[in-house]
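> Whenever a hint applies, use it, and build me the whole structure from the sequences.
Going by the working numbering, the first residue of the sequence shown is number 49, and it counts up by one from there.
Bear in mind the hints are in silico, worked out from the structure with no lab data behind them. Careful: at least some of the hints might be erroneous.
Subject to a maximum C-alpha distance of 20 Å in a straight line, what follows is the list of computed SDA-like cross-link-like pairs (lysine to any residue) [claimed, not checked]:
hint, residue 1, residue 2
1, K77, E89
2, K110, Q86
3, K110, T80
4, K77, Y60
5, K77, H93
6, K77, K98
7, K77, I67
8, K98, F74
9, K98, T88
10, K98, T80
11, K110, Y60
12, K77, L92
13, K110, D65
14, K77, R51
15, K77, H54
16, K98, Q86
17, K77, Q62
18, K77, K110
19, K77, E63
20, K77, Q56
21, K77, L66
22, K98, K110
23, K77, D65
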Amino acid sequence: MERIVHRQVYEYLQEHDLITSEQFGFRPKLSTSIALTQLTEEILHNLDNKLVTGAVFIDLRKAFDT
49 MERIVHRQVY
59 EYLQEHDLIT
69 SEQFGFRPKL
79 STSIALTQLT
89 EEILHNLDNK
99 LVTGAVFIDL
109 RKAFDT
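Following this line, the structure appears as structure tokens:
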């Protein structure tokens, strides 16, 4: 039952373009490697164009420890 609901909700979100292209988690065929590559390309592009670029990284691994 859960898989059916998940699939229907996911398909709805995809069809209505409600998931940003920057969302990599829990999406098929996307990974942290792809996310890092995209981030690196964006930073290099900004550096080439003399744009200020910053980043904030938050580690949430322990946020949900029980």
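> May I ask which of the numbered hints given earlier this structure violates, with the numbers listed in increasing order?
2, 5, 6, 8, 10, 11, 12, 13, 18, 22
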